[in-house]
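Chemist: In case you want the letters, here they are:
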Amino acid sequence: MLAYVGIFFYLAGSLISWYFFSKPIAILSMLYLGFGDPIASAFGIAFSTPWLRASNGKSLLGTLAATVVCTLITMACFNNPLILECGPVSNPLQWPEYVRWSVAIAGGVAAGVAELSMFGMVRDYLDDNAIIPVVSSLVLYLTTEALGHSL
Amino acid sequence: MLVGLHDGGTAQRKVFHAVNGIILASCCFWFSREEGTMVLAPIVLFVLLSEIVRKFFPAINNMIAAMFGPVMRAHEMNKFSGALALRLARSLACTSSHDDCWRM
Chain H
1 MLAYVGIFFY
11 LAGSLISWYF
21 FSKPIAILSM
31 LYLGFGDPIA
41 SAFGIAFSTP
51 WLRASNGKSL
61 LGTLAATVVC
71 TLITMACFNN
81 PLILECGPVS
91 NPLQWPEYVR
101 WSVAIAGGVA
111 AGVAELSMFG
121 MVRDYLDDNA
131 IIPVVSSLVL
141 YLTTEALGHS
151 L
Chain U
1001 MLVGLHDGGT
1011 AQRKVFHAVN
1021 GIILASCCFW
1031 FSREEGTMVL
1041 APIVLFVLLS
1051 EIVRKFFPAI
1061 NNMIAAMFGP
1071 VMRAHEMNKF
1081 SGALALRLAR
1091 SLACTSSHDD
1101 CWRM
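Here the protein sequences come in this chain order: H and U. This note's numbering puts the first residue of the first sequence at 1, with every later residue one more than the last. This note's numbering puts the first residue of the second sequence at 1001, with every later residue one more than the last.
Hints were generated in silico from the structure; no laboratory data involved. Among the hints, erroneous ones may be present.
What the hints assert, rightly or not - If you only want the chain H side, here are some residues facing chain U, beta carbon under 10 angstroms, derived: (1) Leu28; (2) Gly34; (3) Phe35; (4) Ser41; (5) Pro96; (6) Ser102.
We put the CB at the ideal spot given by N, CA and C, even for glycine.
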């Protein structure tokens, strides 16, 4: 097996993100990548309970922690006027509260599940550093579009 | 096995990961697509080439491991590291910040 094959899948995934997602979504996904992954790992190590681990070794507590942190990161961004500097299509500061929480939770869950989803061939060929931004960007995009508040 | 190499869970690697995320998000926030491309694309190309070269030249692999050992996983010694993926993600996300290319 060529260990570096995954990088090509990574490049493909990143290029998809590059072309398809807006600046606010790209920033959120990179914050997920920066904080969600290490926090999931730290929690997974700190609370190393075998029965709370998936078969790929990922900790469910770590996934939950990453989900919560990414959700809070999203809400912090949505409540920060600086997000307007990114030129969102609609103003998240004026979104109804349920929309903001829905998008934040969807993004957080996407980042957590993306981290958890490293099974089988996916794990052999891909790095979660590549999966997290692409999957979370896609989920953020679809969620905002579905709720009628483009980001 | 190189001295100083760790396998997962090192504090240094997590801090490195988080700092890179902050830098990445900041780049996306402040810089345009052209600026991000001009600065980061050559870096990414260099890192990509160094990853390929270290795959085939153990001496270079050892040199890179000595520099980045604390932030690399053990298995990354013999394959491409996550650092490359993170830098590529940063570069590509920054390049997506151009006004005309935000959406499709």
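Chemist: Decide, hint by hint, whether the structure agrees.
Modeler: Here is how each hint holds up against the structure:
1. Leu28: 8 angstroms, holds
2. Gly34: 1 angstroms, holds
3. Phe35: 6 angstroms, holds
4. Ser41: Hint holds; Ser41(H) Cβ to chain U Cβ min 6 angstroms, cut 10 angstroms.
5. Pro96: 23 angstroms, violated
6. Ser102: 21 angstroms, violated
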